[in-house]
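Student: Read off the chains here:
Protein chains: 2
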Amino acid sequence: MFRNHTCGALRASDIGKEVTLSGWVQKLRDKGFVVWVDLRDRYGIVQLVFDEERTPAELLDKARHLGREFVLKVQGKVIERTSKNPNIPTGDIEVLVSELEILNKAMVPPFTIEDQTDGGEDLRMKYRYLDIRRNPVKNNLIFRHKVTMEVRNYLSEQGFIEVETPYLIKSTPEGARDFVVPSRMNEGQFYALPQSPQTFKQLLMVGGMDRYFQIVKCFRDEDLRADRQPEFTQIDCEMAFVTQEDILQAFEGLTRHLLKAIKNVDVPSFPRMTYDEAMSKYGNDKPDIRFGMEFGELNDVAQHKNFNVFNSAELVVGIAVPEAASYTRKEIDALIDWVKRPQVGAKGMVYVKCNEDGSYKSSVDKFYNQEDLAAWADVTGAKPGDLICVLSGDSHSTRTQLSALRMELAGRLGLRKADEFAPLWVIDFPLLEWDEESGKYHAMHHPFTSPKPGQLEMLDSDPAAVKANAYDLVLNGNEIGGGSIRIHDKATQEIMFRHLGFTPEEAKTQFGFLMDAFQYGAPPHGGIAFGLDRLVAILGGQETIRDFIAFPKNNSGRDVMIDAPAKLDDAQLAELHLKLDT
Amino acid sequence: MFRNHTCGALRASDIGKEVTLSGWVQKLRDKGFVVWVDLRDRYGIVQLVFDEERTPAELLDKARHLGREFVLKVQGKVIERTSKNPNIPTGDIEVLVSELEILNKAMVPPFTIEDQTDGGEDLRMKYRYLDIRRNPVKNNLIFRHKVTMEVRNYLSEQGFIEVETPYLIKSTPEGARDFVVPSRMNEGQFYALPQSPQTFKQLLMVGGMDRYFQIVKCFRDEDLRADRQPEFTQIDCEMAFVTQEDILQAFEGLTRHLLKAIKNVDVPSFPRMTYDEAMSKYGNDKPDIRFGMEFGELNDVAQHKNFNVFNSAELVVGIAVPEAASYTRKEIDALIDWVKRPQVGAKGMVYVKCNEDGSYKSSVDKFYNQEDLAAWADVTGAKPGDLICVLSGDSHSTRTQLSALRMELAGRLGLRKADEFAPLWVIDFPLLEWDEESGKYHAMHHPFTSPKPGQLEMLDSDPAAVKANAYDLVLNGNEIGGGSIRIHDKATQEIMFRHLGFTPEEAKTQFGFLMDAFQYGAPPHGGIAFGLDRLVAILGGQETIRDFIAFPKNNSGRDVMIDAPAKLDDAQLAELHLKLDT
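Heads up: the protein sequence lines correspond to chains Y and V, in order. Quick note on numbering: the working numbering labels position 495 of the first sequence as 1430, and the sequence is numbered without any gaps. Quick note on numbering: the working numbering labels position 499 of the second sequence as 1434, and the sequence is numbered without any gaps.
Please keep in mind that the hints were generated in silico from the structure rather than gathered at the bench. Just so it is clear, the structure is predicted and the values come from calculations on it, not from any experiment. Treat each hint with caution, since some may be false.
Just so you know, same-sequence chains aren't split out, so a pair can sit in one copy or run between any two.
To be verified - Straight-line C-alpha distance at most 30 angstroms; calculated DSSO-like pairs for lysine-lysine:
1) Lys1061 - Lys1152
2) Lys997 - Lys1387
3) Lys1061 - Lys1040
4) Lys997 - Lys952
5) Lys1387 - Lys1040
6) Lys1012 - Lys966
7) Lys1425 - Lys997
8) Lys962 - Lys1425
9) Lys1040 - Lys1402
10) Lys1502 - Lys1514
11) Lys1008 - Lys1402
12) Lys1387 - Lys1008
One chain only, chain Y, in its complex shape (with noise of 0.2 angstroms):
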């Protein structure tokens, strides 16, 4: 036997109890006469006590040649400490160690074990199992268990079934790039990982199982942005017979009973917006409403004006920046050059200091008159004392610069606080979106997706105004779900793929046994997907997944604890009938 208890349990009411506790030691205290050895394991930490009058000489100079991490196995007497550690919830304890038995020795970690460490980024990951040990990652992950066995058993309790779907699958060259797995036995052929179980959830629903739900991972062979990953999980779910009006209602079930449980945080009802709705107050399709700072347009009171600038624009808009009139020229300068780096990419910025006495101060007073100023302070809300900050350009850059610099603002100003939960449903979509690179429309949401009822026709006639039934889930400015109701007649989606640029026999090929699956009674079905590894990170109020992952890859798909990927054996290049071609 290793422990009886464990190094988080005891408290003064165990006074007098002989114990046995294994763990690692955190840090050790050598007075002389006297050593105290933290001992730490996942669910706290205890104190040791060696001292010359009461430990055997021999135990006492064992005590004092621990290392940080030896593992070790003591056994003693819980005693009452003289001076307690009201921070620590064993502090009215120590145990007075009569046996001790080194498990393990340690070499010096490379980094403390500490929730503050000295350890930078690439050494934690190398050595993550030593990161594992910090509080900070550790309680990270354990809340991550707590989430998934939440979302696991409300939904369950909803009737909805986990059924796992296959990981080989079959390639798809649309949408994102599969990792691909060759195939020993069938030569020359491929299995693909999936970037998520879209067709076999559909399949499920054609199957009669009306309440599907995974916790399941994805893959996609994408250049890497910071903070994603080549694979990453998703909560996937699916429903038949179901209006979307019956998932929103489903899925918000899951989100507020996720807020209150984990958070404690009661959300009554989740407000919805429309995708344009968000795109012209926000410039953004995942805003962030935990605060205000809305757009506002002001073509109609800043052009027409003799400021060239504003009058060439397709789009002028501005936001209220609450109690910033007070900044600085340099203060403001400085925000200038912020949008104006390449990855906002403004041109310029015009500003307005809404004055306390209700006076306007601006940087294009030469063209506009306090009256003038007066209606952009309407347009916007802006209050006496907050600053109008107004970009302007053609619509879509514009707005997404304001969106950034609206971001950036609030984070200076404090007005994105973690322990505050905004959720918000965007809905209706585009169904395409279009793609400048290949000159073609993609499916913005996916090819599955289906049109608002009656707009099937304007795909030949004005192809980007159709809506989709499509819905994303919004939690504090971050996608957390992103669902559509799906296509379930062969005809239809054999239109969309055709608006895709698919060839009927690319589309057979591909997507046939969907298509033939739609033949033999496809109930009408839809459904959600969430990003757990985002979602997690949010609820735990962070910003980056990375620390919610027990074993995260770094920015070029490498596992450097591991060192993977690794070269191959030329016996198993030989025996997948494949040759590198490098």
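Based on the hints, put chain V in the right spot on chain Y.
Tutor: Frame of chain Y, contents of chain V only:
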């Protein structure tokens, strides 16, 4: 809204209600003046009625032209049935339809959607989405969900944390063959899909995570035997600061809980048996102990009697088949033919009929008298009315053959009862097993399994005799779980790798990260992994795993529904820096 009740929900108490239902046409009976339609969904079947008296002519005509598996939405009134059907829960009522919408038509399905279908395995797999509509398959998937929920909730309550480990890891040529994944971003390099999360769960123990589990897909690129899948699901578990006894207790607890919660079966305590005992008593390391027929070794009483077949055999071993003395000559000959089949491989079989009058009649009466045969009966535990079957030859093959015969006869005699559950721990497995093909010792469990204390030294002198801290959980003659106490120090792990034929360089390249981790304070740890597919099938009282998997692959590793694996575009291959070598 598509429905306010499901098709299985309505009862006599609902009579008079206006309801909306959606589902599939299971069956249509047209009696001219009345048409009945059985409407089916996941939850059951409800009878719809249309008749000349109460249904508008147009609607009656529409109902008459419905086809099997059409998808309908209906509105109507719940009425009492004149002739009730006690066989289905909704049998007291029917729904008099007032509105009928065909949500989707259906072609005639390629096989009947009935509990007993006319579809063969191949057809069912190609149209698996239709197969899933059938109760047996649908109920298996729901059953699987229930089992996994029980597993997760039980383990979570016991303090286990589910941690997701990566799917894109590193190939290790040791053991079974890996599926590999070429890396586009790391030219000429490959990931491998995990055969199990073994090293990661050990690293979690090094990381202090102490009680881990994961229900996780694993992958093995083996030539597929019947009822093997290239991707399969494990309940993967690991604990730190534990002895073997702690682990057996913990997972006996899980299994006991499942038997109780899922099958309402109480098994107070699981028997244990050493590997050596299992082999000598049952010729099998996963004995089915729902019935007796234990092996009786007859060397002492059957050799040195002029019967050369036995005299020259390493082992003479028999079983007493209950109440089989009445087998006819023809039946016994058929049994002898059965053991001589190449799949079993015995050279012949000696038998003794234990007559009800206490006399014996054997196929070797020439060599053995009644007293000799009485001794055989004594050793095998045969009673009057039993048949003793005796095989001989080299020990290993003979035991294997007799084990096959024992299982076959138990099946014929109805002793392998699907509703009876006999779990068994088999412990003290050998550490190594000799592999004829490679002429080397392999790890019987895996290279991370620890030898019994004090036996490490025997690796040089008598490797085959070294026992491991390894154990299997056997249920009804199937290995449902297996595990071990792991090595947790670098020196022992190095010795183990050396004995398995790794050079120090190979060990370092492949498992350097693990041996590094062992130097930073690895705790004693061990674990177990359950084969979920098999476990669920056995709990479900069935022999094959395939119908507990939503979308299984066939014996060539193909998904015949989606037609995977498949060829890749040349462009995809080029991006992966690969050429086919065919």
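Student: With reference to the structure, classify each hint as holding or not holding.
Tutor: Right, here's what the structure says about each hint:
{"no.": "1", "hint": "Lys1061 - Lys1152", "verdict": "both (23 angstroms within a copy, 25 angstroms between copies)"}
{"no.": "2", "hint": "Lys997 - Lys1387", "verdict": "between (75 angstroms within a copy, 28 angstroms between copies)"}
{"no.": "3", "hint": "Lys1061 - Lys1040", "verdict": "within (20 angstroms within a copy, 57 angstroms between copies)"}
{"no.": "4", "hint": "Lys997 - Lys952", "verdict": "within (23 angstroms within a copy, 81 angstroms between copies)"}
{"no.": "5", "hint": "Lys1387 - Lys1040", "verdict": "between (65 angstroms within a copy, 21 angstroms between copies)"}
{"no.": "6", "hint": "Lys1012 - Lys966", "verdict": "within (21 angstroms within a copy, 86 angstroms between copies)"}
{"no.": "7", "hint": "Lys1425 - Lys997", "verdict": "between (76 angstroms within a copy, 23 angstroms between copies)"}
{"no.": "8", "hint": "Lys962 - Lys1425", "verdict": "between (67 angstroms within a copy, 24 angstroms between copies)"}
{"no.": "9", "hint": "Lys1040 - Lys1402", "verdict": "between (64 angstroms within a copy, 26 angstroms between copies)"}
{"no.": "10", "hint": "Lys1502 - Lys1514", "verdict": "both (12 angstroms within a copy, 16 angstroms between copies)"}
{"no.": "11", "hint": "Lys1008 - Lys1402", "verdict": "between (65 angstroms within a copy, 26 angstroms between copies)"}
{"no.": "12", "hint": "Lys1387 - Lys1008", "verdict": "between (66 angstroms within a copy, 20 angstroms between copies)"}
The earlier numbered hints are all upheld by this structure, with none contradicted.
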